[in-house]
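Student: Chain by chain, the residues:
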Amino acid sequence: MSSSLWNLNVSIESQPEKGCALIGTIREKLTELKWPEGDIFKIHLATEEVVMNAIKHGNKLDPEKLVSVVCDIHPDRFELDVADEGEGFHRDDVPDPTREENLLQESGRGLKIMENFMTSVDYIGCGNRVRLTKERSDD
Amino acid sequence: MTSFTQITTEQVADIQIVNFNSNRVMDPMMIEEIGGELQSLIDQHKGGTFLLDLSNVEFLSSAVLNRLIVLDKNVKADKGVLAFSNLGPAVGEVFAITKLDLLFKIFDNRSAAIEALQ
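Listed in order, the protein sequences are those of chains A and B.
Quick note: the first sequence, position 127, residue 135 per my numbering, numbers continuous.
Quick note: the second sequence, position 3, residue 10 per my numbering, numbers continuous.
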């Protein structure tokens, strides 16, 4: 396991603007560390989905609840661990939005995007904690 | 005519063409604002044809996709047409992953869209 070039360990309030600021910080760091643009786009999108899900669906925008975020950027690997204080969810309970009968549904696409863009996505415990990893692409 | 801040519109033939002023549509407030402006445009031209030109859009989230689905439903309810053009590779990949390329009318570029939609 390579050593981390950058580490972030924070808890943020359940406000979308706090999430946006955090996502911006991670994106800036990836740019500074010269990750490929395509990877940065995918990580940005997946990070936004998981952080906003925790704020909106997990903690339901409750200002008393926090979202814990641990991010590690290694030379060839991005890791993100996001936990909320909500009840969690079962991945299998979320309908597949790409099935023809679900195309008009207005939810579930964020998980699909995350799972396609990341190397791995793990839903931990009751589902209120999600761990993402992404291997760096060749430049 | 309503003035918009997040989108720029122009009319070609009977088609309302929309450009986004920001290249990263992610901030929840911005998504709400864009959705409201698009809905306002749709309400002004009920049953019309709308082309969203995404050439300036580098990034959009699932929240935006969900909003576009709602707008598409509203346009179709008025027997109108909502179409897209100029998806960049990254945005195109998001549409493909979520299979929205099967739901929406998508054209390579603006002129191809105008020709087909007229």
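Keep in mind that a hint or two might mislead.
[As the list claims (entries may be wrong)] In silico lysine-lysine, DSSO-like type, Cα no more than 30 Å apart, as pairs:
| no. | chain 1 | residue 1 | chain 2 | residue 2 |
| --- | --- | --- | --- | --- |
| 1 | B | Lys86 | A | Lys64 |
| 2 | A | Lys68 | B | Lys112 |
| 3 | A | Lys42 | A | Lys73 |
| 4 | B | Lys80 | A | Lys73 |
| 5 | A | Lys64 | B | Lys106 |
| 6 | B | Lys83 | A | Lys42 |
[What the hints assert, rightly or not] Computed list of chain A residues with no C-beta within reach of chain B, every gap over 10 Å:
| no. | residue |
| --- | --- |
| 7 | Ser11 |
| 8 | Glu25 |
| 9 | Leu41 |
| 10 | Gly46 |
| 11 | Glu56 |
| 12 | Pro83 |
| 13 | His98 |
| 14 | Glu114 |
| 15 | Arg117 |
| 16 | Lys120 |
| 17 | Gly133 |
| 18 | Cys134 |
These aren't lab readings, by the way, just hints derived from the structure by calculation.
Keep in mind the model is a prediction, meaning the values are calculated, not measured.
C-beta atoms are modelled at their ideal positions from N, C-alpha and C, and glycine is treated no differently.
Student: Confirm or reject each hint.
Tutor: Evaluated hints:
no.	hint	in the structure
1	Lys86(B) x Lys64(A)	violated, 33 Å
2	Lys68(A) x Lys112(B)	violated, 34 Å
3	Lys42(A) x Lys73(A)	violated, 34 Å
4	Lys80(B) x Lys73(A)	violated, 35 Å
5	Lys64(A) x Lys106(B)	holds, 24 Å
6	Lys83(B) x Lys42(A)	violated, 44 Å
7	Ser11	holds, 30 Å
8	Glu25	violated, 8 Å
9	Leu41	holds, 19 Å
10	Gly46	violated, 7 Å
11	Glu56	violated, 5 Å
12	Pro83	holds, 24 Å
13	His98	holds, 19 Å
14	Glu114	violated, 4 Å
15	Arg117	violated, 4 Å
16	Lys120	violated, 6 Å
17	Gly133	holds, 23 Å
18	Cys134	holds, 22 Å
Figure legend: structure checked against the earlier numbered hints; hints not met, in rising order: 1, 2, 3, 4, 6, 8, 10, 11, 14, 15 and 16.
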